[in-house]
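Asker: Please work from the sequences and hints to get the whole structure.
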Amino acid sequence: MADFNIRTDAVDVEQIMRQIRARIQEKRGVDYTEQQIQELANVKLERFLDPKGVRSDLVEQFKRRDRKLEPFHLHPEPSHGFDAEMLYGTHRGILRLIRRLLNPILKLFFNPGTVIHALHKQTEINSLYEGQFYFLREKIQQRDEIDVLYYELVHNLVLELTRVGIENRNLKMRLESLSSRMDFDERRARALEGVVQYRAGTGPAREAPPPEPRSFNQTPPPQQPLEPRAQTQPGSAPDEHGVESSTARRRRRRRRGRRGGRGRVPEMTSSGAPIETQSPEDSATPPHGDPTADAALLGDRSEPDFESDSDSGEDEGPDPSAQ
Amino acid sequence: MKLAIVVQRYGAEINGGAELHARYIAEHLSRHADVEVLTTCARDYVTWRDEYPAGVEPVHGVPVRRFRVDHERDVHVFGRLSDHVFGHQHSYLDELRWLDAEGPKSTALLSHVRAADATYDYVLYFSYRYFHVYHGVRATPTRAILVPTAERDEAVGLAISPRIFRGVRALMYNSPEERRMIQAVSGNYDVPGVVVGIGSEIAKQSQGDRFRQKYGIAGPFALYVGRIDQNKGCRELFSFYLNGLQALPRSLRLVLIGTAVLPIPDHPRIHHLGFLEDQDKFDALAAADLLVMPSYYESLSMVALEAWAVGKPVLANGKCEVLRGQCIRSKAGLYYETPAEFIETLRTIAESRTLNAALGANGRQFFQQNYSWPVIEQKYLDMFQRLKEADDQGRARLQPDLREPGFFARRRRTLRPAIDVLAELPSGPVLN
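So the sequences go chain by chain: G and L.
Note that the numbering used here has the first sequence beginning at 1, numbered continuously upward.
Note that the numbering used here has the second sequence beginning at 1, numbered continuously upward.
Just so you know, the hints here were simulated from the structure itself, not pulled from any lab data.
Treat the hints with care, since some could be wrong.
Among the chain L residues that face chain G by a calculated CB cut under 10 Å, a handful are [stated by the list, open to error]:
hint	residue
1	318
2	327
3	330
4	333
5	336
6	345
7	362
8	425
9	428
10	431
Glycine included, C-beta positions come from ideal geometry on N, C-alpha and C.
Answerer: In structure tokens form, the structure reads like this:
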């Protein structure tokens with residue numbers, strides 16, 4: 001029996017893993033190395049999850065820890081020297097006497113003075129190293145404490161950097177959105193400026209228009225003119241929601257027919273700008289940033305939009321064809 | 001055919017990896033042969049304290065003969081010796097002391113194995129790293145079959161281990177990675193061996209809805225089953241999961257089943273259900289979107305096999321070569337090594353229904369083809385037959401000399417630290 005049946009189906013785990021790694025690489029870019037990510041992952045979770053865990057007195061701690069150590073000075077004289085008295089000295093008088101008597105004999109074999117001198121120097125060196133040892137120990141302790149603070153500082157910086165990175169990305173997206181809105185508004189403003197140039201009485205090169213038989217309001221309230229008609233023509237009264245009667249719609253259709261057809265085909269000026277009859281408030285403003293808005297603004301509107309615009313007061317506005 | 005199965009502890013309620021492995025094998029082989037289990041009275045794997053009565057008692061129809069242990073484990077001595085033999089130059093005697101300190105030491109069990117050697121056709125030893133295996137293999141070299149259950153840990157690098165791997169008649173490996181490691185450390189290429197693994201007792205009917213209803217778990221979730229321990233990679237799992245919550249699907253939860261040794265983060269998307277019965281465990285597997293296996297060291301993950309058996313994909317720690325190899329060979333799981341990979345693989349499996357289903361289907365097929373009980377049993381029976389034929393035809397392999405070094409040789413501190421030996425062994429998944 002074979003040890004294992006290696007499958008040969010379509011799923012290739014290693015290929016999927018390569019794709020996943022490529023995707024990670026693409027997403028992450030060059031922000032962090034693998035090593036750094038590993039270190040970040042190993043940082044204590046509590047700090048991330050609990051903001052209270054981050055010390056607010058970090059600077060104070062730094063100041064406190066960063067005190068200068070006294071520079072190391074060699075003591076001019078060691079506290080405990082080494083001399084002949086230490087070599088031969090004893091609290092027993094008889095023994096001290098014997099040693100003193102035998103000292104000349106000892107000096108016949110070697111020079112005790114040199115030994116005493118060497119031991120004296122060694123004592124000095126030992127005390128020097130001892131002092132250095134204590135100095136370094138304190139220095140290392142202080143360094144360890146500061147390292148902990150540095151670790152915390154770096155941790156906080158990484159945390160802040162991550163936050164700032166996310167915020168930066170959000171701001172970029174917002175900026176793009178605002179930029180597209182601004183483009184839209186500019187185009188819209190340009191289109192509306194064209195309308196204002198050709199409005200009756202506003203162009204400087206035109207003559208004053210003849211007086212209108214009735215008062216002309218640019219943006220009359222839509223319901224006001226309908227109500228009297230409703231009183232005089234009961235059969236064509238709007239319903240309770242303000243929906244116009246079929247008679248009013250027929251009248252509008254007749255007027256459109258006089259203009260030259262159904263639908264919005266605006267008359268064009270010699271410069272190619274469309275002649276619009278609506279006030280800026282009446283034009284349906286598409287949502288900001290909506291790419292379809294430009295097309296809608298340039299007259300590519302569907303019928304329902306048109307109807308909607310008509311219902312909002314065009315009935316009582318000036319008839320462009322009359323001009 | 002009469003078989004003996006020797007294992008450090010045995011019982012219906014013992015769920016340790018090698019011990020459960022031994023019990024399943026004993027119960028399934030008992031359908032084909034007379035099986036007797038030889039074990040100690042210990043129940044606790046830390047102290048090896050005698051808790052079961054000595055003598056013979058049946059467990060699920062298999063006779064179990066228990067022997068008293070000589071002494072409990074002194075954890076301090078064992079720890080000190082472990083540091084010494086794993087990390088420093090040492091002697092063979094140090095390793096024997098380490099083996100003794102690790103336990104469970106039962107001279108009564110060894111005496112029985114020696115005395116009854118001829119009464120068994122084959123003696124199956126489980127877990128290479130214990131006292132009874134080292135000495136038992138030396139006592140029964142012509143009948144010893146080893147199920148090493150070796151992980152990539154320092155004990156493999158000790159000098160006593162290759163002697164065991166070379167000294168048995170045959171080896172039943174858990175994975176190709178384990179076989180490669182053992183062959184590299186011992187050079188036992190001439191010892192018959194086969195990758196077998198272990199089957200599992202899969203619940204006949206597992207219902208995800210029942211689990212969701214019983215434990216109030218809604219929405220997709222990743223499941224972890226096992227001891228919640230740092231050694232099992234759970235700390236890393238929590239860290240990776242919590243750090244990547246922003247990038248994961250909002251409703252994806254992490255459900256943990258098992259005894260907690262490690263503090264579990266208090267988070268609304270992490271649910272710990274404690275130890276569950278087998279039926280609940282399989283219901284949970286059926287309800288889960290995937291199983292997560294964060295462990296670094298596995299010789300064979302039974303729970304991963306169980307997940308595949310119920311058609312669920314596995315997301316494994318890629319640093320565990322066995323799990324990684326299993327995922328690639330089965331085409332039924334993905335693996336991760338870094339936090340970013342963990343998040344991306346988890347998200348991919350959880351979000352892509354097609355991939356999830358394809359991995360699950362592959363897993364189910366992989367389990368059926370390699371780990372269903374008829375397949376496992378047949379591999380054991382084939383091995384017995386192969387050894388028997390070799391004996392009958394007089395072409396059995398000559399057993400190596402398993403005598404221990406002499407008085408001075410065993411005291412010579414010339415053995416390298418086990419950790420250095422381990423570092424030189426080949427690593428990574430076996431794909432061929």
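Asker: Indicate, hint by hint, whether the structure satisfies it.
Answerer: Hint by hint, here is what the structure shows:
| no. | hint | in the structure |
| --- | --- | --- |
| 1 | 318 | 8 Å, holds |
| 2 | 327 | 6 Å, holds |
| 3 | 330 | 7 Å, holds |
| 4 | 333 | 7 Å, holds |
| 5 | 336 | 9 Å, holds |
| 6 | 345 | 6 Å, holds |
| 7 | 362 | 6 Å, holds |
| 8 | 425 | 20 Å, violated |
| 9 | 428 | 12 Å, violated |
| 10 | 431 | 8 Å, holds |
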